[in-house]
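**Student:** All chains, full assembly: derive it from the sequences and hints.
Number of protein chains: 2
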Amino acid sequence: MFKMTNITPPKSRAKHIFRTKAIKLGPLTIGGGAPVVVQTMTNTDTRDVKATLAQITRSFERGAEVVRLAVPDKKSAISFAEITKQSPVPLVADIHFNYRLALAALEGGAAGLRLNPGNIGDPKNIRRVAEAAGAKGAAIRVGVNLGSLEKNAKAKASSLPEAMVESALAQVKLIEETGFENIKVSLKASSVRETVEAVRLFAQRCDLPQHLGITESGDLKTGTVRSSVGLGILLSEGIGDTIRVSLTGPPEEEVDCAWEILSALGLRRRGPEFISCPTCGRCQIDLPSLLADVKSRLADLKSPLTIAVMGCVVNGPGEARSADVGIAGGRGTGRLFVKGFEVGSFKFDNLAKALEDKAREIDMELLAAGAREENSKT
Amino acid sequence: MFKMTNITPPKSRAKHIFRTKAIKLGPLTIGGGAPVVVQTMTNTDTRDVKATLAQITRSFERGAEVVRLAVPDKKSAISFAEITKQSPVPLVADIHFNYRLALAALEGGAAGLRLNPGNIGDPKNIRRVAEAAGAKGAAIRVGVNLGSLEKNAKAKASSLPEAMVESALAQVKLIEETGFENIKVSLKASSVRETVEAVRLFAQRCDLPQHLGITESGDLKTGTVRSSVGLGILLSEGIGDTIRVSLTGPPEEEVDCAWEILSALGLRRRGPEFISCPTCGRCQIDLPSLLADVKSRLADLKSPLTIAVMGCVVNGPGEARSADVGIAGGRGTGRLFVKGFEVGSFKFDNLAKALEDKAREIDMELLAAGAREENSKT
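Chains as they are written, first to last, in this note's numbering: chain X, 18 to 395; chain A, 18 to 395.
In case anyone wonders, no lab produced these hints; they're calculated from the structure. Be careful, since some hints might not be right.
No distinction is drawn between identical chains; accordingly, a pair holds when it is met within one copy or between any pair of copies.
No more than 27 Å apart at the CA atoms, straight line, and that leaves these computed lysine-lysine pairs for BS3-like [stated by the list, open to error]:
(1) Lys238 <-> Lys312
(2) Lys171 <-> Lys356
(3) Lys38 <-> Lys370
**Tutor:** Structural data, given as structure tokens:
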């Protein structure tokens, strides 16, 4: 049961230097030049069906397209089956150590599994899981984390990124030998540099789609920066088919951050984009409160409008003019621009409302235009 | 009057593909392979000496090495001269429209000027400013913002980044013709993609050091992501000699974010680095509160320790082992690791304190080792 999300159509991807194979994850295509898919992971106890579903739904509403759940024991696997029935997005089961939990999750409707084959152990059991996933049409992510890499792999390779890639390739081979092909791979380290190197190296050596993430990346502030830097570098090079931002915090924040990264790179956009100045000694209006007001008024807009909220006469008019709707602040007042033209001047207290009205007009026009386009296709 | 900051010695820069010329900004070297310098800008009214100095001091304490102030009128220029006398860091005056304010700021002790020569106008006045800056040993930043780019430049160039670069080069030429050479350049757009392209293009065509920033980048959340993505891409390519993160918020936050970016890339480090997991259904301890507790206990540490705070037995022990000090959580307890060895198991309530003690021991050792090294040099 997959609902449509309110996500605006993605722009075309950056030039894909490393074109990957396309695989299926539930109804989604991952890789092969498809839009980068946004994932997150619940941090509720999976056995708590109600809390977990509530968190999945909140994440979905913020734009999560795939959600991963830890399935560490049999009770979790039973709950997982309950949860998949009601989830608005495809779910991935995160499995460690015990292949039977993987089989149970597949029975329970997992769209995908995330395995660390290194800790599943016996190749015979990995083959069993691959066969079951094949029968169900599910995907398998081979997830290599530097933190849990086998000592053997580290000893043989010339560098840690090399060791991660070798480990991933060996595990992919094991699964592919069973005839299973619906595979994606992730290589994660808490060091941005090692993650970037490992992911690049893998992209040069294998055309399977990659899931990107900086693991153990820290609290909201640190994690946001580390993920933005690491994923930003890779995505800007055309590498990465699905992403998860890892934060020590609620998954909804991870989803917001993932969309901000995609939006910053011009890869995908969800709702309006806000441009505002950092404020300086030239600013003569209370810009942070104006920006917060504008953002909360327009939080429900679906079109990818560009909205500028600027504080002064130096860069203000230029930015405001090139946005769809923009304000350039002056002394207690502001000039309103729509699509490059100044349409009036407003007192501070009326500015946010004036901008909101114009933004909603354009939003309606764009939605109507979109609907006309849809109709003309049918 | 420049105080020493508590910043740990930078690691060597990433391989510098585009080695820039070194220039001087007060006591600092910018470019030529010197460590990337962290800047911010005040958002107080420059005429308010007390408030502005307080903000400069707060920014300095968080790691700002240069602070820029808007000098939009004569009163601000008079205050600026007061402020430079008491500032713990070199100050840059941000000048628009009026060259006389630039001359006043130089008289008032500016270590540098940030000019947009396009809006200063008459080349004769730009020459006057350059000559005065030369006499004072001050630096000039030619700051091109897409939002205030001359129409002419846009019309002639094949793309907006190209137009920004052409505009910067023309303005640099004008200043260099006066014999003045202590120049850095910034090319800023609110679009990450355009900024990255413009900065790369400039680096290919000119060896002057570059100041990086994504302008008008939005509130704390959006701005942090956009700056991390844009500056992360460029710095990872070895481009960028000084940076400012622009946020619609307090400058201290800009400074924190700048340091997080440099730390994520392994370019520079200020104090300990915290590695923590995003928590998932496997986590059996209250990790966010543990992490917050640990961070606040160790906020004053000066050494570049790596501290891991992990929630489970999958990636926990590996990450905790490879950190200087680390915790791997279990059910209501945690295992403590120091330099790769497990040193004990602690109840949840005692974990943060146990980790703090070990971290402080290592911090003291590192500081003592640093002091011995300093002594052996003399």
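**Student:** Can you give me the call for Lys171 and Lys356, within, between, both or neither, at a CA distance of at most 27 Å?
**Tutor:** between (56 Å within a copy, 18 Å between copies)
**Student:** Go through the copies and call it for Lys38 and Lys370: within, between, both or neither, with a Cα cutoff of 27 Å.
**Tutor:** neither (48 Å within a copy, 49 Å between copies)
**Student:** Could you place Lys238 and Lys312 in one of the four classes (within, between, both, neither) given a Cα distance threshold of 27 Å?
**Tutor:** Both, since 21 Å and 12 Å are each at most 27 Å.
The structure is inconsistent with hint 3 alone, although it conforms to all the rest.
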